[in-house]
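*Asks:* The listed protein sequences correspond, in order, to chains C and P. Just so it is clear: in the first sequence, position 131 is 131 by the working numbering, and no numbers are missing. Just so it is clear: in the second sequence, position 31 is 31 by the working numbering, and no numbers are missing.
Check each hint, because a few of them may be wrong.
Now the in silico label distances, taken between C-beta atoms and shown as ranges [as the list claims (entries may be wrong)]:
| hint | chain 1 | residue 1 | chain 2 | residue 2 | range |
| --- | --- | --- | --- | --- | --- |
| 1 | P | R11 | C | G287 | 25 to 31 Å |
| 2 | C | H157 | P | M8 | 18 to 24 Å |
| 3 | P | R11 | C | E324 | 47 to 53 Å |
| 4 | P | N126 | C | F45 | 34 to 40 Å |
| 5 | C | E190 | P | V18 | 25 to 31 Å |
| 6 | P | A68 | C | V38 | 47 to 53 Å |
| 7 | P | K53 | C | I201 | 47 to 53 Å |
| 8 | P | S26 | C | D323 | 55 to 61 Å |
| 9 | P | S69 | C | I201 | 41 to 47 Å |
| 10 | C | F24 | P | M8 | 28 to 34 Å |
Simulated crosslink set (DSSO-like; lysine-lysine; CA at most 30 Å straight-line) [unchecked claim]:
| hint | chain 1 | residue 1 | chain 2 | residue 2 |
| --- | --- | --- | --- | --- |
| 11 | C | K216 | P | K84 |
| 12 | P | K7 | C | K310 |
| 13 | C | K312 | P | K7 |
Derived by calculation from the structure, the hints in this document are not laboratory data. All figures in this text were calculated on a predicted structure; none of them were measured in a lab. Beta carbons are placed, not taken as given, at the ideal position from N, Cα and C, and that holds for glycine.
So the chains spell out like this:
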Amino acid sequence: MGVSYQAVGWNRQKKIYDWLIFAFCAVYLATFIGLTNVFNPEYTFETVLIRSTSTLAILLLHFILSIGPLTRINRKFLPLLYNRRHLGVTMFFVAAIHGSFGILQFHTLGNVNPFASLFTSNTNFSSLADFPFQALGFFALIIFFLMAITSHDFWLHNLGPRVWKTLHMFVYVAYFLVVMHVMLGVIQYETNPVFVVIMAIGSFTLISLHLIAGSKEVKKDKLISRMTENGFSKVCTIDDIEENRAKIFCLDKERIAVFKVGGKLFAISNVCKHQNGPLGEGKVIDGCITCPWHGYQYLPHNGQSPPPFKEKVSTYDVKVVNDEVWLNPNPYPEGTERPGAEIVASVKN
Amino acid sequence: MIQPLRKMHFRIWSIFAVLLPLGIISGWLSVPSLPVGKLFHPDQTEPLPVVIKTIKTADYTVNLRSDASRGSYQLEWINITALKSPSALIYQIKANGGIENAEIIGRIDPRGSYRFSLRNDTTVSNSHFIVYDIIHHRVIEKINF
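Bound conformation, chain C alone (with noise of 0.2 Å):
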């Protein structure tokens, strides 16, 4: 670590974000206290700050869930995939506010450590309404902690791919306990049917989203070409390809991009080595090809990245014949150089 070393790789995108991030915190809190206390004005300041930050928190999740979704629904919804991760944090520190102020308020009055407490103060396990449900939030509380700490890329690196995204999977976990904490509390004490509409909106827009975005993705895995000649496989014509952006393909086991960069063709590995991005949603900026989730940066020939980054994803041999391009989907190994194919050229020909 040099002495130029930052936490975050500061940028202006980033601080628009997160700026952006924390004004809506700000606004809605001070709205849902404002609000309280001219409607409700003998709840105590704990219980508003409770509640307050119990619904942003849920609304922050929400929100979070869905963007994966969204961008591959549709790209315009990409930018704010870039900076999740700070909005997760911020999530998680809301909702550590309500898991404190929750302990405080009901668990802090007797002679029994407070955590003890909210475990054994309720253990009506076999009945739904009188359920224990403050624990479903603790242990929810605990995964979304686990999830911001290992949130740098420190720990990408450290961790691994494979065991970081493995420990983020637990989000899923996390969201089905906090459904379940605000079902089996809350809505036990609240006879109001708004918030069991509000729940469930939540809940099958999120469901509806990421099953809409999942058959998308399995229909892009399933059109493999069967038009196939010495283990190239046509693929699509030059004309499908913009100039600078890529075409996704599954020939076979994983997605392979081909990008039109300056009158040539590079196929190289679709999946960014940083989180799994789709690198051929992503595209050629001075040079190189960005992923559209972090930025990223691979060189279209080889598949590197720049000095002094070290990232290096397949390439794939890609050929054109007339106006068709054919994609052989047998990978090199990572940073393998390829001359690409030459559009003009071979149109000649």
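Fit chain P to the supplied structure of chain C, relying on the hints for placement.
*Replies:* Chain P in isolation, oriented as in the chain C frame:
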């Protein structure tokens, strides 16, 4: 995203498409139809048969109960609307007394009914109680039978 992860996401959300509605519906169906009468303390004692005195407000009902021989006494607290504090303690006090010399009777939550045994020397005339918010150190209610 690599293909195994794409498949895993799809499977997880296919399971959630069943699991989440089940969780939400069962949570909703388990909401008690009469939450005010719901007993939060499973080990709560049975009510003594004689109601000696009752104080009723829009928010709660308090009964001073005893057995037929007036040998034992009981304080019954029934929340009608939700208590504004998350939890509160009930103290028995001397007439015009304060929290300083009070004797704790028990704890009540925002909803539900509660019964607490009182001292054997309890009479109607010395049945003075306060409901106290221990977090904010303030008296919520004074009950004088």
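*Asks:* Confirm or reject each hint.
*Replies:* Hint by hint, here is what the structure shows:
no.	hint	in the structure
1	R11/P to G287/C: 25 to 31 Å	39 Å, violated
2	H157/C to M8/P: 18 to 24 Å	23 Å, holds
3	R11/P to E324/C: 47 to 53 Å	36 Å, violated
4	N126/P to F45/C: 34 to 40 Å	36 Å, holds
5	E190/C to V18/P: 25 to 31 Å	26 Å, holds
6	A68/P to V38/C: 47 to 53 Å	51 Å, holds
7	K53/P to I201/C: 47 to 53 Å	49 Å, holds
8	S26/P to D323/C: 55 to 61 Å	59 Å, holds
9	S69/P to I201/C: 41 to 47 Å	59 Å, violated
10	F24/C to M8/P: 28 to 34 Å	31 Å, holds
11	K216/C to K84/P	50 Å, violated
12	K7/P to K310/C	29 Å, holds
13	K312/C to K7/P	24 Å, holds
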